[in-house]
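Student: Given these sequences and hints, build the entire structure.
Just so you know, the protein sequences line up as chains C and G, in that order.
So the first sequence is residues 1 to 71, counted in our numbering.
So the second sequence is residues 1 to 174, counted in our numbering.
Honestly, the hints are just simulated from the structure, not real lab data.
These figures come from a predicted structure and were not determined experimentally.
Even for Gly, the Cβ is constructed at its ideal location relative to N, Cα and C.
It cannot be assumed that every hint is accurate.
[Said to hold, decoys possible] No more than 30 Å apart at the CA atoms, straight line, and that leaves these computed lysine-lysine pairs for DSS-like:
| hint | chain 1 | residue 1 | chain 2 | residue 2 |
| --- | --- | --- | --- | --- |
| 1 | C | Lys45 | G | Lys167 |
| 2 | G | Lys167 | C | Lys61 |
| 3 | G | Lys130 | C | Lys18 |
| 4 | G | Lys132 | C | Lys55 |
| 5 | C | Lys18 | G | Lys99 |
| 6 | G | Lys67 | C | Lys61 |
| 7 | G | Lys3 | C | Lys33 |
| 8 | C | Lys18 | G | Lys59 |
| 9 | G | Lys130 | C | Lys61 |
| 10 | G | Lys130 | C | Lys45 |
| 11 | G | Lys99 | C | Lys32 |
| 12 | C | Lys55 | G | Lys43 |
| 13 | C | Lys58 | G | Lys3 |
| 14 | G | Lys99 | C | Lys45 |
| 15 | C | Lys58 | G | Lys28 |
| 16 | G | Lys130 | G | Lys99 |
| 17 | G | Lys33 | C | Lys32 |
| 18 | G | Lys67 | C | Lys58 |
| 19 | C | Lys58 | G | Lys33 |
| 20 | C | Lys45 | G | Lys43 |
| 21 | G | Lys3 | C | Lys61 |
| 22 | C | Lys61 | G | Lys43 |
| 23 | C | Lys18 | C | Lys45 |
| 24 | C | Lys32 | G | Lys3 |
| 25 | C | Lys61 | G | Lys84 |
| 26 | G | Lys167 | C | Lys18 |
| 27 | C | Lys33 | G | Lys67 |
| 28 | G | Lys148 | C | Lys55 |
| 29 | G | Lys33 | G | Lys130 |
| 30 | C | Lys61 | G | Lys99 |
| 31 | G | Lys116 | C | Lys32 |
| 32 | C | Lys18 | G | Lys43 |
| 33 | C | Lys58 | G | Lys59 |
| 34 | G | Lys33 | C | Lys33 |
| 35 | G | Lys116 | C | Lys18 |
[Stated by the list, open to error] Label pairs and their calculated CB-CB ranges:
| hint | chain 1 | residue 1 | chain 2 | residue 2 | range |
| --- | --- | --- | --- | --- | --- |
| 36 | G | Arg174 | C | Glu9 | 41 to 47 Å |
| 37 | G | Pro136 | C | Lys58 | 36 to 42 Å |
| 38 | C | Asp41 | G | Pro117 | 18 to 24 Å |
| 39 | C | Glu42 | G | Thr141 | 45 to 51 Å |
| 40 | G | Pro82 | C | Thr6 | 40 to 46 Å |
In case you want the letters, here they are:
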Amino acid sequence: MTFELTFSEIELASTAQKFVAFSPDFCTEEAKKLIMSSQGDELMKITKTMASPIKITKAEKVTDEMLANAL
Amino acid sequence: MVKVTYSHRLLIDYDFVKWISTCSGRLKIDIIKWMLRTNKNSKDNTEEQIVILDEDFNKLCAEGIIKDNDIMRGCMFSCDLPSKLRKIAPLIDLGEFNKLPIEFRRLILGTLLTSKPPFQSIFMTTKESKLKHVSPSAYSTFLSRITKLQINNEEEAIIVLREFFTKYSMEHER
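Tutor: Okay, structure coming up:
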């Protein structure tokens with residue numbers, strides 16, 4: 001039996017950095033680069049795939065444009 | 001990572017979020033940013049400093065008012081009130097509870113929020129919606145006993161959110 005789900009969450013960069021530090025193999029290189037180079041308090045949109053295990057597949061910084069288009 | 005202790009939990013409703021969606025560009029961006037920071041950098045209630053009823057959140061999504069679910073879920077915690085009540089009061093008749101007007105269920109949630117730190121909450125809504133929550137005499141009697149829950153309209157809410165963001169900014173600068 002398999003289960004796969006892709007979802008995104010807004011997180012502080014420091015939270016994503018902890019995830020990457022704990023499980024460096026469970027993050028794409030591109031996402032890892034952006035996450036690890038960000039200031040801890042920066043807001044980021046982190047996309048994860050939940051299969052086995054959970055993996056970060058994409059990271060973006062939250063921009064004013066994202067906020068303007070949220071509602 | 002900056003962690004901030006805020007003076008109040010914040011409860012918002014459908015009308016408040018809908019009002020934000022009608023705000024002009026810069027104000028809308030600022031309000032959403034203030035809410036994101038308040039929710040994400042809260043010391044006592046990380047991710048849950050700002051709360052909304054599940055029902056209100058789902059209605060905002062269904063009507064397309066919420067366009068970016070990820071951003072807005074970052075701004076607020078969507079609370080399944082019946083499940084929350086079932087945990088603290090297993091014998092509660094949820095059938096009867098769910099028949100209560102949504103305005104009263106919001107006030108109950110606002111009151112529940114005062115049971116945990118910081119023990120005070122503000123229900124942020126619109127001027128029009130505020131009347132629906134304070135005018136019926138049954139609600140005003142209920143509210144008169146709940147001194148730690150206040151109800152703010154849009155203009156008062158902006159002041160609170162700006163103050164909370166300023167507090168975060170000052171902690172961040174240290």
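Student: With reference to the structure, classify each hint as holding or not holding.
Tutor: Hint by hint, here is what the structure shows:
no.: 1; hint: C:Lys45 x G:Lys167; result: holds, 24 Å
no.: 2; hint: G:Lys167 x C:Lys61; result: holds, 23 Å
no.: 3; hint: G:Lys130 x C:Lys18; result: violated, 42 Å
no.: 4; hint: G:Lys132 x C:Lys55; result: violated, 46 Å
no.: 5; hint: C:Lys18 x G:Lys99; result: violated, 44 Å
no.: 6; hint: G:Lys67 x C:Lys61; result: holds, 18 Å
no.: 7; hint: G:Lys3 x C:Lys33; result: holds, 25 Å
no.: 8; hint: C:Lys18 x G:Lys59; result: violated, 35 Å
no.: 9; hint: G:Lys130 x C:Lys61; result: violated, 36 Å
no.: 10; hint: G:Lys130 x C:Lys45; result: violated, 34 Å
no.: 11; hint: G:Lys99 x C:Lys32; result: violated, 49 Å
no.: 12; hint: C:Lys55 x G:Lys43; result: holds, 27 Å
no.: 13; hint: C:Lys58 x G:Lys3; result: holds, 26 Å
no.: 14; hint: G:Lys99 x C:Lys45; result: violated, 38 Å
no.: 15; hint: C:Lys58 x G:Lys28; result: holds, 26 Å
no.: 16; hint: G:Lys130 x G:Lys99; result: holds, 21 Å
no.: 17; hint: G:Lys33 x C:Lys32; result: holds, 24 Å
no.: 18; hint: G:Lys67 x C:Lys58; result: holds, 20 Å
no.: 19; hint: C:Lys58 x G:Lys33; result: holds, 21 Å
no.: 20; hint: C:Lys45 x G:Lys43; result: holds, 21 Å
no.: 21; hint: G:Lys3 x C:Lys61; result: holds, 20 Å
no.: 22; hint: C:Lys61 x G:Lys43; result: holds, 22 Å
no.: 23; hint: C:Lys18 x C:Lys45; result: holds, 15 Å
no.: 24; hint: C:Lys32 x G:Lys3; result: holds, 24 Å
no.: 25; hint: C:Lys61 x G:Lys84; result: violated, 33 Å
no.: 26; hint: G:Lys167 x C:Lys18; result: holds, 25 Å
no.: 27; hint: C:Lys33 x G:Lys67; result: holds, 28 Å
no.: 28; hint: G:Lys148 x C:Lys55; result: violated, 43 Å
no.: 29; hint: G:Lys33 x G:Lys130; result: holds, 24 Å
no.: 30; hint: C:Lys61 x G:Lys99; result: violated, 43 Å
no.: 31; hint: G:Lys116 x C:Lys32; result: violated, 37 Å
no.: 32; hint: C:Lys18 x G:Lys43; result: holds, 18 Å
no.: 33; hint: C:Lys58 x G:Lys59; result: holds, 29 Å
no.: 34; hint: G:Lys33 x C:Lys33; result: holds, 25 Å
no.: 35; hint: G:Lys116 x C:Lys18; result: holds, 28 Å
no.: 36; hint: G:Arg174 x C:Glu9: 41 to 47 Å; result: violated, 27 Å
no.: 37; hint: G:Pro136 x C:Lys58: 36 to 42 Å; result: violated, 48 Å
no.: 38; hint: C:Asp41 x G:Pro117: 18 to 24 Å; result: holds, 22 Å
no.: 39; hint: C:Glu42 x G:Thr141: 45 to 51 Å; result: holds, 47 Å
no.: 40; hint: G:Pro82 x C:Thr6: 40 to 46 Å; result: violated, 29 Å
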